[in-house]
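Colleague: Numbering of the sequence shown is given in full-length UniProt numbering, commencing with residue 1 and proceeding in unit increments.
Check the hints yourself; a few may be wrong.
Unchecked claim - The calculated PhoX-like cross-link candidates involving lysine-lysine, where the alpha carbons are at most 25 Å apart (straight line), are:
1) K80 - K47
2) K26 - K149
3) K149 - K175
4) K99 - K175
5) K181 - K193
6) K47 - K26
7) K149 - K181
8) K82 - K31
9) K198 - K212
What the hints assert, rightly or not - Here are the in silico distance ranges between beta carbons for each label pair:
10) I4 - D166: 19 to 25 Å
11) R218 - E155: 33 to 39 Å
12) R78 - D118: 52 to 58 Å
Because the hints were derived from the structure by calculation, they are not lab data. Even glycine gets a Cβ: it sits at the ideal position worked out from N, Cα and C.
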Amino acid sequence: MLYIGATLTMELMRSNDESKETYRCKLLDTKGDQCYVDYPVNERTGKTSIFFEGTQFKISFVARDDSVYIFHTELLGRKKLKNIPVLVLYYPGNDHMIKIQRREFVRIRASLDVALHDPENKRSPIITRTVDISGGGMAVIAPRKMSYKPSDELETWIVLPFRQHDYAYIHARSKLLRHIKGGSETPDKMTFKYSDIKEQARQKIIQYCFEKQLEARRKGIDLKE
Numbered sequence: 001m002l003y004i005g006a007t008l009t010m011e012l013m014r015s016n017d018e019s020k021e022t023y024r025c026k027l028l029d030t031k032g033d034q035c036y037v038d039y040p041v042n043e044r045t046g047k048t049s050i051f052f053e054g055t056q057f058k059i060s061f062v063a064r065d066d067s068v069y070i071f072h073t074e075l076l077g078r079k080k081l082k083n084i085p086v087l088v089l090y091y092p093g094n095d096h097m098i099k100i101q102r103r104e105f106v107r108i109r110a111s112l113d114v115a116l117h118d119p120e121n122k123r124s125p126i127i128t129r130t131v132d133i134s135g136g137g138m139a140v141i142a143p144r145k146m147s148y149k150p151s152d153e154l155e156t157w158i159v160l161p162f163r164q165h166d167y168a169y170i171h172a173r174s175k176l177l178r179h180i181k182g183g184s185e186t187p188d189k190m191t192f193k194y195s196d197i198k199e200q201a202r203q204k205i206i207q208y209c210f211e212k213q214l215e216a217r218r219k220g221i222d223l224k225e
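Put together the whole structure using the sequences plus the hints.
Modeller: Here you go:
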């Protein structure tokens, strides 16, 4: 389940750590009971963080099956891997992974730039924002004049803003499921399911949702729909 190239989110295992800082790193290699990661970056400051040997962490990551796992680890040391400075972490193995999310796409509230285009270019494109998003689909604010109907499929581009001014640009084919009328103070919205999306793009969306959940949890906010 843990794979080379996975993005890992690290939290210090300190009972007196009220700041709940999180750090992001990438898994570069594993060997036996060790795994090698690049130097972690503080997600709030964007700066590389230095830790002492023996520091304990809780690590979470999104696996290829779209599930989220956590495991506990300890910093064993430092070395160079093909001339790249890396941290050496204890790897407890798959048997000690804790699955905290099944293959169900958690939907979170999010306002993201999205563009929807008719594949045949017969109808005007829609430039709007999402209401919520998940690894399986999204809801967007509908235009006042609606020229699309349920079951229509649209080319979709979504901008995911990660921290440190890092952006992911997602392309997918989305199927319109419903057009939901709004109220006096809420706009109409359209719900979509991704009908054709690369797994790497889906992983990016899931990672975005997961990181936003972590951030919201630290602030005491519930983003789940």
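Colleague: Take the C-alpha atoms of K47 and K26, compute the straight-line distance between them, and say whether it is at most 25 Å.
Modeller: 15 Å, holds
Colleague: K82 and K31: Cα distance at most 25 Å?
Modeller: 15 Å, holds
Colleague: Hey, K26 versus K149, does the alpha-carbon distance stay inside 25 Å?
Modeller: 42 Å, violated
Colleague: Below or equal to 25 Å on CA atoms is what counts here, so check K181 against K193.
Modeller: 18 Å, holds
Colleague: With respect to the beta-carbon atoms only, verify the hint that R218 and E155 lie 33 to 39 Å apart.
Modeller: 36 Å, holds
Colleague: For K149 and K181, compute the direct alpha-carbon distance and say whether it is at most 25 Å.
Modeller: 13 Å, holds
Colleague: Taking the beta carbons of R78 and D118, is their distance inside 52 to 58 Å?
Modeller: Taking Cβ atoms as reference, R78 and D118 lie about 53 Å apart, which means the hint holds.
Colleague: For the hint 19 to 25 Å, verify it against the beta carbon of I4 and that of D166.
Modeller: Given about 20 Å between the Cβ atoms, the range holds.
Colleague: Given the proposed pairing of K149 with K175, does the C-alpha separation stay at or below 25 Å?
Modeller: 10 Å, holds
Colleague: K198 and K212: Cα distance at most 25 Å?
Modeller: 22 Å, holds
Colleague: Check the hint pairing K99 with K175 against an upper bound of 25 Å on the C-alpha distance.
Modeller: Not satisfied, since the Cα-Cα distance of roughly 30 Å exceeds 25 Å.
Colleague: Would the hint linking K80 and K47 be met if the CA-CA limit is 25 Å?
Modeller: 20 Å, holds
Checked against the numbered hints given earlier, this structure breaks hints 2 and 4; the rest are met.
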